[in-house]
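Please arrange chain X on chain B, whose structure you already have, making use of the hints.
So you can see what is in the structure, the chains are spelled out below.
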Amino acid sequence: GQQVMQIPQYQHVQEGEDFTTYCNSSTTLSNIQWYKQRPGGHPVFLIQLVKSGEVKKQKRLTFQFGEAKKNSSLHITATQTTDVGTYFCAVIGYSTLTFGKGTMLLVSP
Amino acid sequence: NAGVMQNPRHLVRRRGQEARLRCSPMKGHSHVYWYRQLPEEGLKFMVYLQKENIIDESGMPKERFSAEFPKEGPSILRIQQVVRGDSAAYFCASSPPGWGGYEQYFGPGTRLTVT
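Respectively, the protein sequence lines represent chains B and X. Counting in my numbering, the first sequence runs from 3 upward without gaps. Counting in my numbering, the second sequence runs from 719 upward without gaps.
Okay, chain B solo, but in the shape it has when bound (with noise of 0.2 Å):
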């Protein structure tokens, strides 16, 4: 199955920092997604990303797709205390989804 490498594993903010997670694939992906969990919960999608290039806005999150279709990232602008959890990367198989590792953020007020 595909895989998917996360980097980094975890990043330390303080508020207002901007944050930049990066997953990165040795092929070509059809799509993918990115989910956050926030601590003791469970993942809840952000967004599906399908075409090369495509960038998507959600207010302060941009999640962005790679030319080759093997790279994605997410950032977010202005931290906020909020916005503590991990996130994580997602490709879509034949019939389930691979996760990478996640990248845990947490924010310092």
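It should be emphasised that the hints constitute simulated quantities derived from the structure, not laboratory data. Mixed in with the good hints there might be a few duds.
Think about it this way: if two alpha-carbon atoms lie no more than 30 Å apart in a straight line, the pair counts; the simulated DSSO-like pairs of lysine-lysine are [as the list claims (entries may be wrong)]:
#1 Lys103/B <-> Lys59/B
#2 Lys769/X <-> Lys789/X
#3 Lys72/B <-> Lys762/X
#4 Lys38/B <-> Lys58/B
#5 Lys762/X <-> Lys38/B
#6 Lys103/B <-> Lys780/X
#7 Lys769/X <-> Lys780/X
#8 Lys58/B <-> Lys72/B
#9 Lys53/B <-> Lys762/X
#10 Lys103/B <-> Lys762/X
#11 Lys71/B <-> Lys762/X
#12 Lys71/B <-> Lys58/B
#13 Lys38/B <-> Lys769/X
#14 Lys762/X <-> Lys59/B
#15 Lys762/X <-> Lys780/X
#16 Lys745/X <-> Lys38/B
#17 Lys58/B <-> Lys762/X
#18 Lys72/B <-> Lys103/B
Some chain B residues judged to face chain X by a derived CB distance under 7 Å, without partners named [unchecked claim]:
#19 His44
#20 Pro45
#21 Phe47
#22 Ser97
#23 Thr98
#24 Phe101
#25 Gly102
#26 Lys103
The structure presented is a predicted model; accordingly, all values stated were derived computationally and were not measured. Ideal Cβ placement from N, Cα and C applies to all residues, glycine included.
This is chain X only, laid out in the frame that chain B set:
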């Protein structure tokens, strides 16, 4: 519109006992997926079921684990003779018929602790 429901939320079992985890998908959803999450790890796919059918169980350990999704009632993930390494969060997700890669809706999870 209730979301995906899982119970129990927390389950403690002694080594050698059986654990039964239940999942009721969202209304109208006929596809159920089970994932396991070890502490500080990502989610690992275990099994994909539709009503009365196992579609993909490539992520299920070969022994002690089984899953079903009967015509009536919730999906069940069953772990026999639990060991300490089975301690994890088990999440169920569901999606509507004809899933073509849209979002999966996750339940709150069952945290299994084996003592």
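For each hint, the structure was consulted:
{"no.": "1", "hint": "Lys103/B <-> Lys59/B", "result": "23 Å, holds"}
{"no.": "2", "hint": "Lys769/X <-> Lys789/X", "result": "6 Å, holds"}
{"no.": "3", "hint": "Lys72/B <-> Lys762/X", "result": "21 Å, holds"}
{"no.": "4", "hint": "Lys38/B <-> Lys58/B", "result": "16 Å, holds"}
{"no.": "5", "hint": "Lys762/X <-> Lys38/B", "result": "16 Å, holds"}
{"no.": "6", "hint": "Lys103/B <-> Lys780/X", "result": "23 Å, holds"}
{"no.": "7", "hint": "Lys769/X <-> Lys780/X", "result": "22 Å, holds"}
{"no.": "8", "hint": "Lys58/B <-> Lys72/B", "result": "17 Å, holds"}
{"no.": "9", "hint": "Lys53/B <-> Lys762/X", "result": "26 Å, holds"}
{"no.": "10", "hint": "Lys103/B <-> Lys762/X", "result": "9 Å, holds"}
{"no.": "11", "hint": "Lys71/B <-> Lys762/X", "result": "23 Å, holds"}
{"no.": "12", "hint": "Lys71/B <-> Lys58/B", "result": "15 Å, holds"}
{"no.": "13", "hint": "Lys38/B <-> Lys769/X", "result": "28 Å, holds"}
{"no.": "14", "hint": "Lys762/X <-> Lys59/B", "result": "28 Å, holds"}
{"no.": "15", "hint": "Lys762/X <-> Lys780/X", "result": "15 Å, holds"}
{"no.": "16", "hint": "Lys745/X <-> Lys38/B", "result": "23 Å, holds"}
{"no.": "17", "hint": "Lys58/B <-> Lys762/X", "result": "27 Å, holds"}
{"no.": "18", "hint": "Lys72/B <-> Lys103/B", "result": "17 Å, holds"}
{"no.": "19", "hint": "His44", "result": "4 Å, holds"}
{"no.": "20", "hint": "Pro45", "result": "5 Å, holds"}
{"no.": "21", "hint": "Phe47", "result": "4 Å, holds"}
{"no.": "22", "hint": "Ser97", "result": "5 Å, holds"}
{"no.": "23", "hint": "Thr98", "result": "5 Å, holds"}
{"no.": "24", "hint": "Phe101", "result": "4 Å, holds"}
{"no.": "25", "hint": "Gly102", "result": "6 Å, holds"}
{"no.": "26", "hint": "Lys103", "result": "4 Å, holds"}
In this structure, none of the earlier numbered hints is contradicted; all agree with it.
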